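Input sequences plus hints: build the corresponding full structure.
For the protein sequence lines, the chains are P and Y, in the order given.
Position 116 (the first sequence) corresponds to 395 in this note's numbering; numbering is contiguous.
Position 29 (the second sequence) corresponds to 31 in this note's numbering; numbering is contiguous.
Simulated from the structure, these hints should not be mistaken for lab results.
None of the values given here were measured: they were computed from a predicted structure.
Do not take every clue at face value.
What the hints assert, rightly or not - The calculated label-pair distances, taken between Cβ atoms and stated as ranges, are:
#1 Y/Thr149 - P/Thr377: 31 to 41 Å
#2 P/Lys453 - Y/Leu71: 56 to 66 Å
#3 Y/Thr149 - P/Met531: 36 to 46 Å
#4 P/Thr464 - Y/Leu218: 33 to 43 Å
#5 P/Glu467 - Y/Gly238: 18 to 28 Å
#6 P/Arg334 - Y/Gln212: 47 to 57 Å
#7 Y/Leu218 - P/Ala440: 15 to 25 Å
#8 Y/Thr21 - P/Gly292: 54 to 64 Å
#9 P/Gly526 - Y/Ser234: 37 to 47 Å
Don't be surprised by glycine CBs; every beta carbon is placed ideally from N, CA and C.
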Amino acid sequence: MSKVIVVTSGKGGVGKTTTSASFAAGLAGRGHRTVVIDFDIGLRNLDLVMGCERRVVYDFVNVINEEATLKQALIRDKTDSNLHILPASQTRDKDAFTREKVGKVIRELRDNFDYIVCDSPAGIEKGALMALFYADEALVVTNPEISSVRDSDRILGMLAAKSLRAIKDYEPIKEHLVVTRYCPTRAETGEMLSLDDIQELLGIELIGVIPESEAVLNASNAGIPVIRDEQSSSGQAYQDMVSRFLGEDVPMRFLEVEKKGFLKRIFGA
Amino acid sequence: MQTDLETTGMEPARPEGGTAIELKGAVFTLPVLKLRSVELGAIEHELKVHLARGLNFFKHAPLVVDLELVRERADKLDFAALAGSLHDLQLFTVGVRNATPEQAERAVAAGLAVLKGGITRDNELASSEKPVAEELPVATEVSRRRTRIVSQPVRSGQQIYAKGCDLVVLSSVNVGAEVLADGNIHVYGSLRGRAFAGVSEDTTARIFAQAMEPELAAIAGNYQVFDEPAASRLYGKAAQIYLDDEQLVIAPL
Numbered sequence: 280m281s282k283v284i285v286v287t288s289g290k291g292g293v294g295k296t297t298t299s300a301s302f303a304a305g306l307a308g309r310g311h312r313t314v315v316i317d318f319d320i321g322l323r324n325l326d327l328v329m330g331c332e333r334r335v336v337y338d339f340v341n342v343i344n345e346e347a348t349l350k351q352a353l354i355r356d357k358t359d360s361n362l363h364i365l366p367a368s369q370t371r372d373k374d375a376f377t378r379e380k381v382g383k384v385i386r387e388l389r390d391n392f393d394y395i396v397c398d399s400p401a402g403i404e405k406g407a408l409m410a411l412f413y414a415d416e417a418l419v420v421t422n423p424e425i426s427s428v429r430d431s432d433r434i435l436g437m438l439a440a441k442s443l444r445a446i447k448d449y450e451p452i453k454e455h456l457v458v459t460r461y462c463p464t465r466a467e468t469g470e471m472l473s474l475d476d477i478q479e480l481l482g483i484e485l486i487g488v489i490p491e492s493e494a495v496l497n498a499s500n501a502g503i504p505v506i507r508d509e510q511s512s513s514g515q516a517y518q519d520m521v522s523r524f525l526g527e528d529v530p531m532r533f534l535e536v537e538k539k540g541f542l543k544r545i546f547g548a
Numbered sequence: 003m004q005t006d007l008e009t010t011g012m013e014p015a016r017p018e019g020g021t022a023i024e025l026k027g028a029v030f031t032l033p034v035l036k037l038r039s040v041e042l043g044a045i046e047h048e049l050k051v052h053l054a055r056g057l058n059f060f061k062h063a064p065l066v067v068d069l070e071l072v073r074e075r076a077d078k079l080d081f082a083a084l085a086g087s088l089h090d091l092q093l094f095t096v097g098v099r100n101a102t103p104e105q106a107e108r109a110v111a112a113g114l115a116v117l118k119g120g121i122t123r124d125n126e127l128a129s130s131e132k133p134v135a136e137e138l139p140v141a142t143e144v145s146r147r148r149t150r151i152v153s154q155p156v157r158s159g160q161q162i163y164a165k166g167c168d169l170v171v172l173s174s175v176n177v178g179a180e181v182l183a184d185g186n187i188h189v190y191g192s193l194r195g196r197a198f199a200g201v202s203e204d205t206t207a208r209i210f211a212q213a214m215e216p217e218l219a220a221i222a223g224n225y226q227v228f229d230e231p232a233a234s235r236l237y238g239k240a241a242q243i244y245l246d247d248e249q250l251v252i253a254p255l
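Laid out in structure tokens, this is it:
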């Protein structure tokens, strides 16, 4: 049974695309046939983060308009044959989207993949609503600051009201909270919202906490999903998140302020 | 004039067993516009002022025009024109009451119903343009005042209105969300958004919350913003809000 998962947030710049890329790469890395779709028409980003921007020939809008087949538009990842990318169009506008046309593409993908990850654009407009419409589950990406949490709350309301599952009165979308750019030191001093605060405000189950790390930016620039950087705390945190999504019981890591040991204090980190 | 089925006091027709409609009586609380003047311009102007003050709940509301205070002067009142200007303000006139037989005849000619009787809860403090409760005389079956129960969190951007009844929210009302009820509001989580109880001018309505942290609370149009929430010692505590002599009072539970 294939699953459609939307990665969404309301607010921009919180790490939706980074999370989409790493989540999809993580699922594929464990042997699941996975496709990640960029719904951010006009502002292609996902292909850059995935390092396949030079291989984009056809895109999502071409497929929707039946100018290309899915097979032509899907880009296979360089290192993982389980992972495919359906890139956004940079030139078309999002009026191409209709529920019927997107639904047809999703149905076709469901026949060929285990997981369909939808990378939502920011905002609560048509593109974001289209990305969440067919979702079975949702990763709601939030930064530990008040405006991001507020926007996530708004998008959670949309998930509960504007999705196919909501309209048809099916079982509601399963919502998971992903906190990105988390910095334990700043949460401890009260500069950032704590995890407890965020969970209290949003009232959904936490599936992952991704610590703030340079590795994220480096990975994006290199076009490699950060989950593949096994040395970095962010990469490991994304691995943990994927495990939890697949039903494993993995404790949260990187939540505490790292205590500098005696030697580290003398010789530096 | 535009009315929809609900404003006529009948439930929407449901074809059942071959019949196209089902005729039922139901009780509705309708706002009553008590006229003190028959000058259309003055009526319109004052209503606009009221609507601008945020009485937006009455947008698209069915309305009964009460002629009690203008019976002697209303012989020249143009009912069609009155309904028209109310319609321009998005208020839908369904009928008149306290009309003389001659006025009633002209009201019917203008497409309005003539309502008889009805109990008005008059509020001395409220100006008479403000809507007050009334029972429709068509009632044959009095339905119990029901409670609307919401089990999901009410999230930013969402608005829930418990029309004609109490509202119970089992979870939290988040910042940026709005809950409204004609009756009381109970929140069994945190109340962080805006809450309006007794919106049809029920001054006895109350707001209860396990954790009282509203952005704004209002009872029967009397509101208070909480822009410095930490200043209140009851902030975040189990508390209730009620109206005492037009003042909102916050008290512990």
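Going down the list of hints, with the structure as the test:
no.	hint	in the structure
1	Y/Thr149 - P/Thr377: 31 to 41 Å	holds, 40 Å
2	P/Lys453 - Y/Leu71: 56 to 66 Å	holds, 59 Å
3	Y/Thr149 - P/Met531: 36 to 46 Å	holds, 39 Å
4	P/Thr464 - Y/Leu218: 33 to 43 Å	holds, 36 Å
5	P/Glu467 - Y/Gly238: 18 to 28 Å	holds, 22 Å
6	P/Arg334 - Y/Gln212: 47 to 57 Å	holds, 55 Å
7	Y/Leu218 - P/Ala440: 15 to 25 Å	holds, 23 Å
8	Y/Thr21 - P/Gly292: 54 to 64 Å	holds, 59 Å
9	P/Gly526 - Y/Ser234: 37 to 47 Å	holds, 45 Å
No hint from the list above goes unmet by this structure.
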